[in-house]
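**Q** Following the hints, position chains L and P against chain Z.
Chains as they are written, first to last, in my numbering: chain Z, 1 to 134; chain L, 1 to 363; chain P, 1 to 499.
One should not assume that every hint holds.
Unchecked claim - Simulated pairs of lysine-lysine, DSS-like, Cα-Cα distance not exceeding 30 Å:
| id | chain 1 | residue 1 | chain 2 | residue 2 |
| --- | --- | --- | --- | --- |
| 1 | P | K130 | Z | K105 |
| 2 | Z | K26 | L | K144 |
| 3 | L | K144 | P | K55 |
| 4 | Z | K97 | P | K130 |
| 5 | P | K55 | Z | K105 |
| 6 | Z | K105 | L | K144 |
| 7 | P | K55 | Z | K21 |
| 8 | Z | K18 | Z | K105 |
| 9 | L | K144 | Z | K108 |
| 10 | Z | K97 | P | K15 |
Claimed, not checked - Far from chain Z, by Cβ distances over 12 Å, these chain P residues were calculated:
| id | residue |
| --- | --- |
| 11 | E114 |
| 12 | E172 |
| 13 | P185 |
| 14 | T265 |
| 15 | H392 |
| 16 | M403 |
| 17 | L410 |
| 18 | V435 |
| 19 | G436 |
| 20 | L443 |
| 21 | E463 |
Note that these hints are calculated values from the structure, not bench results. Bear in mind that the values here come from a model prediction, so they are computed numbers and not experimental data. Think of the CB as a built atom: it goes at the ideal place given N, C-alpha and C, for glycine as much as any other residue.
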Amino acid sequence: MNRPLSVLILDDEPIVGKRLKPAVEKVGFEVETFEDPAQALRRLGERDFDIVVTDVRMEEVSGIQVLEHVLSRSRRTKVIIITGYATVEVAREALVKGAFEFLAKPFKPSDLRAVMDRAARALGHPGIPKTPEE
Amino acid sequence: MDLFLGRFVTIDAGSALQVVVLGFIGGILSGFIGSGGAFFMTPGMMNLGVPGVVAVGSNIAHKFGKAMMGSRRHKELGNVDRRLAAFLILTSFVGIRLAVWVNSLMFEGGGGEHGEGGSSALSNLYISLVFIGILAFVGASMLKDALTTRGEGADQAPSPRMARLLARVHAPPYVNFPVADVRVSLWVLLIVGLATGYMAGTIGVGGFIGVPAMIYVFGVPTSVAAGTELYLAMYMGAFGAINYAFQGFVDLRMTLLLYLGSLVGVYVGVYGTKVVREVVIRLVTGTVILLCVFSRAIALPAYLRELGLVNLDPGWDPVCNLASKAFLFLAGIAGCALILVHVFRAYRQRRRIEATLVGTASG
Amino acid sequence: MQIICISRGTLRGGKELAEGLAHRLGVPCLGREDLIEAAFRDGIQVGKLETAMVKGGRLSERLAIEKEHYLAFSTAFLCDRAREGSLVYHGRTGHLLLPGVEHLLRIRVVADPEFRLRAVMRDLGIPREKARRYIEDVDEDRRRWVHAMYGVSWEDAAQYDLIVNLHAFNIENAAAALTGVAQLPDFQMSPASLKALDDLHLAARARVLLARDDRTRAASFKVTGSSGVLTVTYLPHSAAVAPAIPKVLEALEGVREVRATMAATNILWIEEAFDPASESFRHVVEVASKWGAAVELLRLCPAGADADEVAAASAPAATPPRGAAGGIEEDVEEPVVVDGGLSATADALASVGRSGGARTVCASSDRLIEAIDRTVPYSLVVVGDVYLSKGHAARVRLVRELMGFLGERLKVPTVGIEDLKSRYLFGRADLVRMVGFLALVVLVFAVVFTNQEAVLRFFAAEETWARVLAAAAAFVIIPVVAYLYGTVASLWLKWIRME
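So here's chain Z without its partners, still in its complex pose:
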């Protein structure tokens, strides 16, 4: 049962999705990226993702709201919060509300992959293989 895990990446800066998508797909995840939180929420209404990666500070909708929305629909989804504008208050709020991990920008794609690997294992998935086989 090694189906690829589905990942949604939401960040209102286009460059973030553009850079993370190939980096995460490389290790065998299925990735959808969004820049518009409203669109992402709509997509989240259509299907459940295994892992959701979201920025905190965006126009209209905050990452915390995305987190709450995701967990209210699917408790098993692992939500990873990424942000440059992190304070302990925001980080603790995200964690207490059920975020899987909190990652401060700037980070390297490998940092995110390491967190995703742990998330995948927590989902009962074998995780990212040490050498990605295509």
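**A** Chains L and P alone, transformed into the frame defined by chain Z:
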């Protein structure tokens, strides 16, 4: 002097000088790293033909006095959590006692005191194996840290998996430590203290467990961990020295000769830490430790042969021993040379800048 | 002109109180959020620093430098705003952003657990148990933050002038009460504190510039400013960037001179009057050269009523600010003109490349501690002649008290200037001691090595009583030899100037 049951060796001018050099290099390394040094001196003495137990015993006795000199300063700085130290000291005593008991047993049981050939082979083998096991792990993880932090990122301090696991143990009762400002489960404290004591007692290297455990498992600030470790080393050294002396395994001559080099070396090493970057410190330390491990591994076949476990031409013994010794000194001298080069370069640079400053001020 | 710093620790209510107070005083109100926003835009990785607290509170080498950037930026940010006039700042650590500036009004706001719990439950929409965990975690993180960034304990009540508990006060009334306090003359900036603010501002702007420039951004610096003279201290391993320092700072407005000093360690030298021609100066410089240390000068002039005569005699023409009443004695201090040899000594230090900055603090010894940057790793504090206006007996007592106090609070060895020579410089007494100890060591070695067999037999005894004796002997002999030879070794290294 062979009538002392093969415990002590004859010391001539040449071997005395070697011990002093061992002490000097060990001192530089221990001042540079902040703890340890024993990982270099113990195998060095074993290479001189000193039985492992006596090497460990003499080295612990040496560590006792050295730590006593060091802890006076640290206490002045208030970097010692007395409560933490007290807990660790008490548990480590149990570990040391256990280690001394095991070591003495091995020495007396192994190969027979008057038996043909090796009287101390079994205990030598045991000490070498523990030495190799622990230090290979320590050296490898240190190198790994140094190499990974070399890249741009990696802000997370290194935390071995074992430490993280222990840190997650939430088993009451808890103990609060005021200076270090942490709360630790009593059980974790007992395990760490016991392990530290056992390692200190077996190979004379306890700091390699104690300091990382305090930092990564207990979450103690680094300065407090280093200060507390010195305090701890003093008590563990004292207790170890008394125990080994009671068993008759302290060679006072060795201890005195070690001091001759190490107390000077320590200052040079401490100076080195001020001018060398942290990554380089870890790199040098890791490499030296791994080379020490390798040197010890080369010495193993001789012990195995003495025990009759493998069939080897006894003619190979001197070769192995010489190779082992060569590697050890190579490791020590290379490491020290690197440190000294850095010290010297920093010194020169400072002089130059001072000169330019004085020039502009007067001109 | 005044600056009011409100340290919020309540999670809710502190901001409202600050805004209410600012509104009543008719001054602008600035929050930590504004500061962070600006720091973020300046490219400082605030998020990384904050997240490090959540993950245990330890800073890597790189983050430690990011911390310097952040601290300098916050000080510069606050000083920038303060230059335009009075303000109210609210945040975790407002009271620590302007070290050494007197007459700030520092208020801490606390609230009882139930109040905070309810506020969090309401605002975050989480159940009670989670809210409790959230508060515990955030408090712990903040404690770590204050500790990691400023090296002090957040809870220490002595850092604040007032603590307001929102349990009994409602925010409106608390703001009204604080308005009265804020108008007291004790909390109006004096010329001395304005100068301290200017110096701080200059140093902070310089540090920010160093952080922005690619040539110097990766290195650690300590910058102090005094009347336009900037002293930049750097560590030996970043000596390579030293030539870039003056170039980076030349564009900075208000700088008269830049002094760059390499420091392996720092020595803090406290005096009431400095003299570059004195014996003390020579000793301090000698110790500093030996250690590769920078010397920071701190001129301590007496505070409170004792200062009356001194002040009146030295600076009669000073203009007191509004509300000239008790508690502002040091206003008449004129640090630029009558500085007790401070600037002359600083210049002399700079000429030998040992300058670590200089400044004047007029305060009692317990306030003095606030003026000392506790994140600087001082290796020695030297206390010279202070409290000159006191009689001899009182002065001796006060100096001893000050030294004890500093040693205890800074956790650094503290010596009097007259002991400096005997402790850290190689004198005749040291030579005698070295030779004497060396002779003892030689004796011990000779005895042991001429009687090797007897010694070994003694240590490898069989009978229990003899074994106990051997253990006891080891316990006594080894530390004695270590002490004797250790002293010889350290004295010898002191002699050849390698420490």
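**Q** It remains to establish, for every hint, whether it holds in the given structure.
**A** Each hint, compared with the structure:
no.: 1; hint: K130(P) with K105(Z); in the structure: 26 Å, holds
no.: 2; hint: K26(Z) with K144(L); in the structure: 25 Å, holds
no.: 3; hint: K144(L) with K55(P); in the structure: 21 Å, holds
no.: 4; hint: K97(Z) with K130(P); in the structure: 8 Å, holds
no.: 5; hint: K55(P) with K105(Z); in the structure: 15 Å, holds
no.: 6; hint: K105(Z) with K144(L); in the structure: 24 Å, holds
no.: 7; hint: K55(P) with K21(Z); in the structure: 27 Å, holds
no.: 8; hint: K18(Z) with K105(Z); in the structure: 16 Å, holds
no.: 9; hint: K144(L) with K108(Z); in the structure: 19 Å, holds
no.: 10; hint: K97(Z) with K15(P); in the structure: 24 Å, holds
no.: 11; hint: E114; in the structure: 18 Å, holds
no.: 12; hint: E172; in the structure: 25 Å, holds
no.: 13; hint: P185; in the structure: 37 Å, holds
no.: 14; hint: T265; in the structure: 33 Å, holds
no.: 15; hint: H392; in the structure: 53 Å, holds
no.: 16; hint: M403; in the structure: 38 Å, holds
no.: 17; hint: L410; in the structure: 28 Å, holds
no.: 18; hint: V435; in the structure: 59 Å, holds
no.: 19; hint: G436; in the structure: 58 Å, holds
no.: 20; hint: L443; in the structure: 62 Å, holds
no.: 21; hint: E463; in the structure: 61 Å, holds
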